[in-house]
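Undergrad: These are the residues of each chain, in order.
There are 2 protein chains.
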Amino acid sequence: MKFVQKLKNASQKNNSLLCIGLDTDLEKIPKFLLQEKDPIFSFNQAIIDLTSDLVCAYKPNLAFYEAYGIKGLEALKNTCEYIPEEIPIILDAKRGDIGNTSKMYAKAIFDEFKADGVTLNPYLGEDGLSPFLEYEDKCSFVLCLTSNLGAKDFQLLKLEGKPLYKIVAEKVKSWNKKGNCGLVVGATYAEQLKQIREMVQDLPILIPGIGAQKGDMELTVKYGTDKHGELAIINSSRGIIYASSDKDFAKAAREEAKKLRELFNLYRKKVRNLDP
Amino acid sequence: MKFVQKLKNASQKNNSLLCIGLDTDLEKIPKFLLQEKDPIFSFNQAIIDLTSDLVCAYKPNLAFYEAYGIKGLEALKNTCEYIPEEIPIILDAKRGDIGNTSKMYAKAIFDEFKADGVTLNPYLGEDGLSPFLEYEDKCSFVLCLTSNLGAKDFQLLKLEGKPLYKIVAEKVKSWNKKGNCGLVVGATYAEQLKQIREMVQDLPILIPGIGAQKGDMELTVKYGTDKHGELAIINSSRGIIYASSDKDFAKAAREEAKKLRELFNLYRKKVRNLDP
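Residue numbers (my numbering), protein chains in the order written: chain A, 1 to 276; chain B, 1 to 276.
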């Protein structure tokens, strides 16, 4: 099954645009979990158990697992295996290398961790991404405009009046021959998100930057979704998974996830009623 | 000790600008090694044993280890521990994320694998790199102009009238407050390497792209080194480590490494005699 279909199925079944970022940090999880054999996996397991009916995807960021070495990566592998089959897993890896080497990264992400999607960095150009694009049923989310301040250093610079992030969006559109590309656009740049969505009607857009980074939620839903109110994958990490540091952390995460899902759906309804 | 000092020490002691890329691929190493308990580590060990007096650095590319999952990363960790203390290890990881997450990557690279240097992708801008720059004695090699064809997609575009790779070089120069930045410039772009070296006199430049990618060796030495004939780290991977697929593979690697070292030194001498 193509990624976009898998995403739509999960999103429709759970009536959700919400993606939960599994950025699990041993210094932030409830202290009592540290006695467990694999605290990272135990934490993720509890979160997944109580949220998998509320999300359209999960997005573990590889950095958090690599930071704990071999043990961290074992926890990631267990987590990917534990996530219910019908929920897409997007590994936030921001990879990109020259062709020969990117092939090995693609093998790691798609064969070893069995992720459905991955985030990639465009700086090395087409041949750096093409080994990922050979996986027809997976999705390559290319960084277009990131949610952080540093986005201004290069991504917002202009070539003949056109900012680099738009050039990236155009290129990715042209690389989407197998229907397996997506973009990453930060919620902190609402106006630009609108312009990008207009350029790529049928690409899924992964949108980090609400929550701790304070992206506007209503505008994110309004500008990030396609004309059917779909294909936006709106990520929240810290705000959900660290909602409580007590025994009830997973229940608290569920409540936060529910709130966000309802809010996104309220905005979806509002947008569609305003612009029929 | 600062990275640049460690690099100069190794480079002077071994009279070498050569960096060997440990891109160890189970499909390419001699078949008889596959019976070993950890074939990747056994291969690297043999290569290191016979080349550590010929190099200024080793550069394992993380992709090749991640592709083999947990086992691959164990092999990488063992390899990093095995490399003699006086030889700098540059982990070719091409990482880059937003600040909060980059901190975890920096932890993985510098604390977990204990690398001396790392390659980073500039697309996310300053706050994505700053957690790496906090490690004063390590070196962050930022991708400037890569050796592959895809470099033309974005890196060679002129933004605000100047090619993106030059904007990156200028930014990295301005971020080099602790003397712990470097650049990655492909040998396949000799003229641009010259321009970049003129811009950043005191930064180490990591130069892939000779060998399989056919970058010009003489021009690489001429343009990549600083005025003392130093600070160029010229990488060769496949041409050295796969010089033979027989029992004598490490000996063959040594011969290739020796040849390259001598060639680089010949060009160093020639350049200095021409331009006293």
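Treat the hints with care, as some may be off.
Identical copies carry no separate label here, and so any pair may be met within one copy or between two of them.
Think about it this way: if two alpha-carbon atoms lie no more than 20 Å apart in a straight line, the pair counts; the simulated PhoX-like pairs of lysine-lysine are [what the hints assert, rightly or not]: (1) Lys-214 x Lys-114; (2) Lys-258 x Lys-8; (3) Lys-214 x Lys-8; (4) Lys-28 x Lys-114; (5) Lys-166 x Lys-152; (6) Lys-13 x Lys-152; (7) Lys-166 x Lys-28; (8) Lys-71 x Lys-152; (9) Lys-37 x Lys-158; (10) Lys-28 x Lys-177; (11) Lys-270 x Lys-227; (12) Lys-171 x Lys-158; (13) Lys-269 x Lys-227; (14) Lys-194 x Lys-227; (15) Lys-71 x Lys-114; (16) Lys-152 x Lys-194; (17) Lys-259 x Lys-162.
Rather than coming from a laboratory, the hints here were simulated on the basis of the structure.
Undergrad: State for each hint whether it applies.
TA: Now the hints, each set against the structure:
no.	hint	verdict
1	Lys-214 x Lys-114	neither (32 Å within a copy, 35 Å between copies)
2	Lys-258 x Lys-8	within (19 Å within a copy, 57 Å between copies)
3	Lys-214 x Lys-8	neither (26 Å within a copy, 46 Å between copies)
4	Lys-28 x Lys-114	neither (27 Å within a copy, 24 Å between copies)
5	Lys-166 x Lys-152	both (13 Å within a copy, 16 Å between copies)
6	Lys-13 x Lys-152	neither (38 Å within a copy, 43 Å between copies)
7	Lys-166 x Lys-28	neither (36 Å within a copy, 40 Å between copies)
8	Lys-71 x Lys-152	neither (36 Å within a copy, 39 Å between copies)
9	Lys-37 x Lys-158	neither (51 Å within a copy, 53 Å between copies)
10	Lys-28 x Lys-177	neither (42 Å within a copy, 31 Å between copies)
11	Lys-270 x Lys-227	within (13 Å within a copy, 65 Å between copies)
12	Lys-171 x Lys-158	both (15 Å within a copy, 16 Å between copies)
13	Lys-269 x Lys-227	within (12 Å within a copy, 65 Å between copies)
14	Lys-194 x Lys-227	within (12 Å within a copy, 50 Å between copies)
15	Lys-71 x Lys-114	both (18 Å within a copy, 16 Å between copies)
16	Lys-152 x Lys-194	within (18 Å within a copy, 27 Å between copies)
17	Lys-259 x Lys-162	neither (38 Å within a copy, 47 Å between copies)
In the structure shown, a violation is registered for the earlier hints numbered 1, 3, 4, 6, 7, 8, 9, 10, 17, in ascending order.
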